[in-house]
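**Student:** Each residue of the sequence shown is one higher than the one before, starting from 0 at the first, in numbering that gives the first Met the number 0.
The hints are simulated quantities; they were obtained by calculation from the structure and are not laboratory data.
C-beta: ideal position from N, C-alpha, C; glycine also.
It is possible that part of the hints are untrue.
Across the chosen pairs, the derived CB separations fall in these ranges [said to hold, decoys possible]: (1) Ile-121 - Val-97: 37 to 43 angstroms; (2) Ile-99 - Met-79: 26 to 32 angstroms; (3) Gly-127 - Ser-50: 19 to 25 angstroms; (4) Lys-56 - Asn-17: 51 to 57 angstroms; (5) Pro-3 - Leu-100: 21 to 27 angstroms; (6) Asp-91 - Glu-67: 46 to 52 angstroms; (7) Gly-112 - Gln-73: 54 to 60 angstroms; (8) Ser-126 - Pro-3: 44 to 50 angstroms; (9) Gln-78 - Ala-132: 25 to 31 angstroms; (10) Leu-138 - Met-106: 19 to 25 angstroms; (11) Pro-46 - Asn-17: 24 to 30 angstroms.
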Amino acid sequence: MMGPLIPIAMQLAQYAPNIIKILSGSDKAAEVAEKVVGVAQAITGQPDGESALAALKADPNKVLEFQEAMAAQQLQLEQMYLADTQNARARDVDLAKVGILNYRANMLAGGAGALVVFCLAIMVWRSGLDNDAKAVITLILGRALGWIEQVFSFEFGTTRANKVKDDTIKALSK
Numbered sequence: 000m001m002g003p004l005i006p007i008a009m010q011l012a013q014y015a016p017n018i019i020k021i022l023s024g025s026d027k028a029a030e031v032a033e034k035v036v037g038v039a040q041a042i043t044g045q046p047d048g049e050s051a052l053a054a055l056k057a058d059p060n061k062v063l064e065f066q067e068a069m070a071a072q073q074l075q076l077e078q079m080y081l082a083d084t085q086n087a088r089a090r091d092v093d094l095a096k097v098g099i100l101n102y103r104a105n106m107l108a109g110g111a112g113a114l115v116v117f118c119l120a121i122m123v124w125r126s127g128l129d130n131d132a133k134a135v136i137t138l139i140l141g142r143a144l145g146w147i148e149q150v151f152s153f154e155f156g157t158t159r160a161n162k163v164k165d166d167t168i169k170a171l172s173k
């Protein structure tokens, strides 16, 4: 029942773009979608997500109400997203404590690194490629570098503020 709400919630995200990250990058996407659609239903008085979306499209005032309601829900949604990330980090720490390597994560990170090297090698050794082929390779290279960035962000945090964020997550989860 919750799964089908994700596409509707993604469409509702056009009115509250800050929820896209939470909907697309979390194991809690179905829960977030249920909350987002529920807020839209409450504001529009519609019985289902599709009707609520249609009502929002038809009434700019309802869109403003939805945006305000989603801004009020933002803290709770962010907590769900951060708790999901925190659980993944805690899992890796627990595995390391008992001497188990996270082979899946290591293989994914290694694969992304190998893809970067492969794309760079193609660009260097096949310099005569046409512009379309170079564009595709550059696109793939950019995506693989993004994956590597995510690995580093996960392992080390993105900024010093992450220490504060991690402490806040711990405090909020107690």
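**Student:** Please go over all the hints and tell whether each is borne out by the structure.
**Tutor:** These are the hints, each one checked on the structure:
no.	hint	in the structure
1	Ile-121 - Val-97: 37 to 43 angstroms	holds (41 angstroms)
2	Ile-99 - Met-79: 26 to 32 angstroms	holds (27 angstroms)
3	Gly-127 - Ser-50: 19 to 25 angstroms	violated (56 angstroms)
4	Lys-56 - Asn-17: 51 to 57 angstroms	violated (19 angstroms)
5	Pro-3 - Leu-100: 21 to 27 angstroms	violated (38 angstroms)
6	Asp-91 - Glu-67: 46 to 52 angstroms	violated (38 angstroms)
7	Gly-112 - Gln-73: 54 to 60 angstroms	violated (35 angstroms)
8	Ser-126 - Pro-3: 44 to 50 angstroms	holds (49 angstroms)
9	Gln-78 - Ala-132: 25 to 31 angstroms	violated (45 angstroms)
10	Leu-138 - Met-106: 19 to 25 angstroms	holds (23 angstroms)
11	Pro-46 - Asn-17: 24 to 30 angstroms	holds (26 angstroms)
Of the numbered hints given earlier, the model fails hints 3, 4, 5, 6, 7, 9; all others are met.
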